[in-house]
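Novice: As you go down the protein sequences, you meet chains H and R in turn. Heads up, my numbering is the position in the first sequence plus 15, with the first residue counted as 1. Heads up, my numbering is the position in the second sequence plus 1, with the first residue counted as 1.
Think of the hints as simulated: they come from the structure by calculation, not from any bench. Because the structure is a prediction, the values reported are computed rather than measured. Some clues are possibly wrong.
Claimed, not checked - Listed next, the stretches of chain H that the computed footprint assigns to chain R, with coverage defined by at least 3 CB atoms under 8 Å from CB atoms of chain R:
#, segment
1, 21-28
2, 258-272
3, 276-289
4, 373-380
C-beta atoms are modelled at their ideal positions from N, C-alpha and C, and glycine is treated no differently.
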Amino acid sequence: MIRHMILRNVMYRPVRTCITIIAVAVEVTLVLIVVGLTSGMLSDTAKRIEGIGADIMVQPPSASIFMAFSGAPMPIEIGQRLAQLKNVRAVAPVLLQFNSTNGLDIVYGIDPQTFHQVSGGFIFHDGHDLQNANDILVDDWYAKARKVKVGQTLHILGHDFHVAGIVEHGKGARLFVLMSTLQELSGARDKASVFFIRCVHPEQTTKVIGEISQLLPHYEVRPLRDYLSLMTSSNLPGLQTFIRSMIMLAAGIGFLVILLSMYTTIIERTREIGVLKSLGASRGYIVRVILSETTALCLAGIVLGFAMSYGVRWLFLSAFPTLSIAIAPSWLLRAAAIAVIGGWVGASYPAWIASRKDPVEALAYE
Amino acid sequence: MEPILKTENLWKVFRAGRLDVSALRGVDVDVFPGEFVSVMGPSGCGKSTLLHVIGGLSQATRGRVLLDGNDLAALGDAGRTLLRRHKVGFVFQRFNLLPTLSARGNIALAQHIHGDGFDPHRFDVVTRMLGLTDRLHHRPSELSGGEQQRVAIARAIINEPKIVLADEPTGNLDTKNSDNVLGLLRQLNKDLGQTIVMITHNPEAAAYGNRVLHMRDGLVVDGASAN
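Use the sequences and the hints to build the structure in full.
Specialist: So, in structure tokens, the structure goes:
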């Protein structure tokens, strides 16, 4: 009976119902897109780092796992010392530089020979490898997103580069230039940001890490197989706070809309509450009716929110193919829970008011 | 025979700003099972207040209300809610049907709140008696005033209450529908032995009852007890 009454109630005020459902859907979409965007970008970055194919990476002491945050404080000669270790097959020094011209990208400065030894080389969709100082390689996603073609000029880091080739994505960055060029541009001559190391046999990774730690005490030496698990929002300073803030904002929207919606509902239905009380409905019954109606609105909003999230994701990825938005099943559940709990909290005050209404005054309400 | 409803020195005082206004000033009334009592009196004499207090919608300031042996004055909000649910049926002047529900839904809601679930036999008996079988799927806005009041009466008696309290049930109806509704109330009283207390301004309506109780200035001035 309550279900029937709720269905009739929500259908009786279609505009109010639609606005409430849309607000909850926006709340769910906001949560899913913010979390999906951050975790998607982190996961995408991690996968690209793992895609290099190295077994170990070496960074300067106290360096962040988010490599572009760490500058280039390591002398490049370290690479030669690492290469002399017994079980090391290849060492590739890489210089990282943030580019904010025409978007936000990380540019890898590489030595093609050592980078290919570690990574197994690029798969070329078009063009050729880095040969000249002004050459740049872009990955296929970047090329598709920016409509870049081999032979054209690309203005990056305040410098005009010649697009020498388009390579398969998944080898660390989306943009690659010669290390010597990037050292010149960034004033980091003979410096590297990170060393990627490939062992003779992957199972020797732990042993080699021990040897490197002895050779370079205090340096950050990490196995690449653990990298994906480390690339989470909780390891990036401020990101977790940002995500929490956005979730709070989204939950706040849902809370306020539900509060307002249910408050106006109970004002509008004051006489009906009086009727329910005259029929012997308890306070609990009235609270249950209002919270059940809230739940129904939230559930409809959640379903719409899921659909909207996938729609927004599709739109974003169509417009910006280099983005990555990961909508995880666990976050679908969390977003739903946030919406329902926010709705219940928002409806609890109106429900409390309704349950305590004086039946005589409620029945006399015009 | 014990009265189904008995009030003793019943007072109801409202606070209006700094003033205390006594709507009931020591009302003593007995209503016996199977009676149809009409309550008459000028506006503001305390008729509706009496109905609200004896129906457990509001609490008396002083005195006792015994409804089927339960002292309403001694009950809290939850206790009065239970008493309304199981022993009282209300019929209001403005019908007070839920606009979102059909006639069937409005009647079934009372059964749902009562807690014994939907009783199709009782539902059929009541709706047939009130001539509602063809109108059950209509919403209140699709029903005439007379039909709405018949739905309200059905809702009031569906759970077989000990007493039906009707507050000006014909106040919003034309003469024809008024006669029809009053006739139904009398039929319920005679055929089912339903105890009814009805408030009315109209002497013709009051004549449908088998006792008329007159009120003035918060007091019952005539007909307080059955002869």
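Novice: Hint by hint, note whether the structure agrees.
Specialist: Status of each hint after checking the structure:
1. 21-28: n = 4 at 8 Å, threshold three: holds.
2. 258-272: As far as the segment 258-272 of chain H goes, the hint is violated, because 0 residues have Cβ atoms under 8 Å from chain R.
3. 276-289: As far as the segment 276-289 of chain H goes, the hint holds, because 3 residues have Cβ atoms under 8 Å from chain R.
4. 373-380: Per the Cβ count (4), the hint holds.
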